[in-house]
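Chains A and B supply the protein sequences, listed in that same order.
Counting from 1, one number per residue, gives the positions in the first sequence under this note's numbering.
Counting from 1001, one number per residue, gives the positions in the second sequence under this note's numbering.
Honestly, the hints are just simulated from the structure, not real lab data.
Think of the CB as a built atom: it goes at the ideal place given N, C-alpha and C, for glycine as much as any other residue.
Wrong hints could be hidden among the right ones.
[Stated by the list, open to error] So the derived list for chain A, only partly shown, Cβ under 7 Å to chain B, looks like this:
1. E62
2. P65
3. N80
4. K81
5. L103
6. Q111
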Amino acid sequence: MTKCLILSIEEWAEGKNKENILVENIHLKVGEFTCIEPIALINTFNVAVKGSWLDSSKIIIERIPLEGKCFKCKKLYFPNKENAYKSPCCNVNLEEITKGRELKISSIDFQEKKFILG
Amino acid sequence: MHLSLSDKIELNILHHNSHQAELNKIRFNDLKLICLNIMSSPGAGKTKFLEKTLEDLIINFRVAVLEGDMTTNLDAMRLEKLRIPIVPITTGRACHLDANMVSGGLKILETKINPELLDILLVENVGNLVCPAEFEIGEHFKIVLLSITEGEDKPLKYPIMFREADLVLITKIDLLPYLNFDIQELKSNILSTNSKTEIIEISSISKTGFDLWENWIMDKIKAFKA
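So that you can see chain A by itself, here it is in the shape it has in the complex (with noise of 0.2 Å):
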């Protein structure tokens, strides 16, 4: 995963000069819904970008809660693991999910260097 995101920051930078520019924060939008766990995402990105032009960028990552949609009621509701996922409502099965499973860059805070001429 630290692999791909990387990658998407690199893919951010193409036609950029990378020595002109400092990437300041990295602002993620992860879901509750996803493999991410966002302490380890943090660490492994610290370690695998020592050294290199992303070496003092930060990443902040904003998480986003799980919600589901009743499928009887169609209420909105967090599910969770205690009640199997279910809706309080109306006790039925997760069907449709709304939120959670965000797993994007939403923005990149970085310095650019500009030379004034004349």
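Could you slot chain B onto chain A? The hints should help.
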């Protein structure tokens, strides 16, 4: 001087993998080769299940296997006696196969056999109930094995894997008389995160349930080839 900027990009972290998975699927479709991604935790019985399944499948179908393992070729060696094309994929530190690895495996497979001659590609993923669920490989179906020795609660603890499954095979069912295990509770837990999945109970020792499993696969092949 430095300018502080922020780019809003909303980029899916797995988009590289998803793109390669789409390319793999196009390739499989062109070859009329159905690809099944077989996943489970370590020790759920994937390799034994494959040995027994292949013994039957190779009577009527031409099958190849991509065998994912973190550090060894032991599983691939077990299957070699069946004299079918097998490509071991050693993932190193990665705890799952990804679409690039499968693409590479397919290229190696093409040096062993013309893939147009094949009907089925079975991909045995690395034993892990977490990460393989997130990484598409271009498969047509995801099959998850769960043994009854692992406990009824596993679908609740690892819900993403079961959410993604097209078929769940409950394995080692021959051990049921010796365990205090509630199979109905397990099925209910599987369905709680994925009510659309199919469930078959099997034993690779007694071959209980293999008729149902093999009918499932034949139906999928028929529909795929039609």
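Hints numbered earlier in the text: which of these fail when held up against the supplied structure? When the structure is compared with the hints, numbers 1, 2, 3 turn out to be violated.
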